[in-house]
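K.L.:
Spelled out from the first residue to the last, the chains are:
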Amino acid sequence: MELTKFIENFAGEFDHTDASVFTADTVYHNLDEWSSLIAMCIASMVEDEYDVVLKGDDIRNARTIGDLFNTVKAKM
Amino acid sequence: MAFLEFKNVRIVGLSAGVPRNIENNLHPTQDQGISSEYSPESFVEMTGVMERRVSYELTTSDLCYAAAERLIADLKWERSEIDALVFVSQTADYLLPATACILQDRLGLSKECYAEDVSLGCSGWVYGLSNVASLLATGSLKKALLLCGDAKGNLNQFFGHAGTATAIEYAGEEEGMKFHFGTDGSGFDAIITPDGGSRNQVSLRSFELEDINGIQMDRMQSRTKSMDFFLFGVITAPKSVKRLAEHFGLNYQDADYLVLHQANMKMNNKIAQKLKMQAEKVPSSMYYFGNTSSASIPLTIVTQLKDKCKGKTKFICCGFGVGLSWGTVAFETRDIVISDLVEVDDDAKDKKYVV
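These protein sequences, in sequence, are chains A and B.
Just so we're aligned: 48 in our numbering is position 48 of the first sequence, and the numbers increase by one with no gaps anywhere.
Take any residue in the second sequence, note its place counting from 1, add 1000, and you have its number in our numbering.
One or more of the hints may lead you astray.
To be verified - With a cut-off of at most 25 Å between alpha-carbon atoms, the simulated SDA-like pairs for lysine to any residue come out as follows:
| id | chain 1 | residue 1 | chain 2 | residue 2 |
| --- | --- | --- | --- | --- |
| 1 | B | 1266 | A | 57 |
| 2 | B | 1007 | B | 1250 |
| 3 | A | 5 | B | 1269 |
| 4 | B | 1274 | A | 15 |
| 5 | B | 1276 | A | 51 |
| 6 | A | 55 | B | 1225 |
| 7 | B | 1266 | A | 50 |
| 8 | B | 1225 | A | 15 |
| 9 | B | 1274 | A | 74 |
| 10 | B | 1276 | A | 10 |
| 11 | A | 55 | B | 1189 |
I should point out that these hints are in silico values taken from the structure, not numbers from a laboratory.
Predicted model, so just to flag it, every value in this text is computed and none were measured.
This is chain A alone, in the form it adopts within the complex (with noise of 0.2 Å):
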């Protein structure tokens, strides 16, 4: 499981956010576009992606995406 690829998964759920945005420190609660609904298109990637269930509180907890990535990676 790679880092950037994550990063690019992530960032292919936006549709109006510029991809340069997305780094591993990007706290994407703070995402103008970011709502349940990114959210919930987030774990339906991870669950396709990763063979990962998110729950609510992994992506509440998770600050940024790095964050999220290793949440991830613990749950592989």
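Once you've looked at the hints, dock chain B against the given chain A.
P.N.:
Just chain B now, with coordinates in the frame of chain A:
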């Protein structure tokens, strides 16, 4: 393993009743819990819900009654032949008695009629169907009405009001219906109305406003942990469809239609993608009606597939939501009778069974 199969039963008719009044999500009113996450335009883009049918007068039973009257007429059923009535809703007319009892009398059904309420939301049509199928499968009872929906209680930009009627018959030699069910009560508060039941009875505190994710709500209003619910739906619904198919040796992609509970467009698109279902096989009514709880699957069939179900039609239907609760059913119809949508005026509300 909650798999069930009932042979010798079939759905012969469907109808739906909605309030005539239309609310538009581009112009939401304050008393309908405007989303704190989105502007009206973004809300419509993200959820796919533009319009909803809303009445401040009609109850679920009023809408189901109108739908049932139309369906009984279209099927030319004798009322005396209707052996069972199951009412599925989380907005019953009264805490007690059961609304099914009121509807038995209001519809002029026999006093020899089996009648019961089932308290479920978005999964309710599938659960109700299994309930009715189990009643009819032995042939002791021959005809039943399943009345499903919600009204009045849900007021936010997602929810619309609707009541539906599904007519089911005992029919020997039929393939029948195959079901998969699941429940996860650890998510009981993902969608909840905190006060008004036995746990928290109505008190003055019930009407104090609280800030729930940026929206002022009292404790008699239902509240949703959106993220938790969305994650649940997008993960659980495809799994349920796959488990049903695997258990019964079906190829779900052979179905003519996959009818999903209408939660929001983005979620349903994701579910369809996960199941690799062609978009034209996954009808949607949420643009015009929003999330109508246990009415959403039959309402979608009535409004989107009325002229597309001639001859044999294979359905997979999946309901999922409050509880958390989910269910998937596979069945086939033959020349099913689908009534025109019934638009109900506010003055059609019940005046007899009122205290």
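K.L.:
None of the hints should be skipped; say for each whether it holds.
P.N.:
Against the structure, the hints:
no. : hint                 : in the structure
1   : 1266(B) with 57(A)   : holds (21 Å)
2   : 1007(B) with 1250(B) : holds (16 Å)
3   : 5(A) with 1269(B)    : holds (23 Å)
4   : 1274(B) with 15(A)   : holds (19 Å)
5   : 1276(B) with 51(A)   : holds (17 Å)
6   : 55(A) with 1225(B)   : holds (12 Å)
7   : 1266(B) with 50(A)   : holds (21 Å)
8   : 1225(B) with 15(A)   : holds (23 Å)
9   : 1274(B) with 74(A)   : holds (24 Å)
10  : 1276(B) with 10(A)   : holds (21 Å)
11  : 55(A) with 1189(B)   : holds (14 Å)
The structure is consistent with each of the numbered hints, conforming to all of them.
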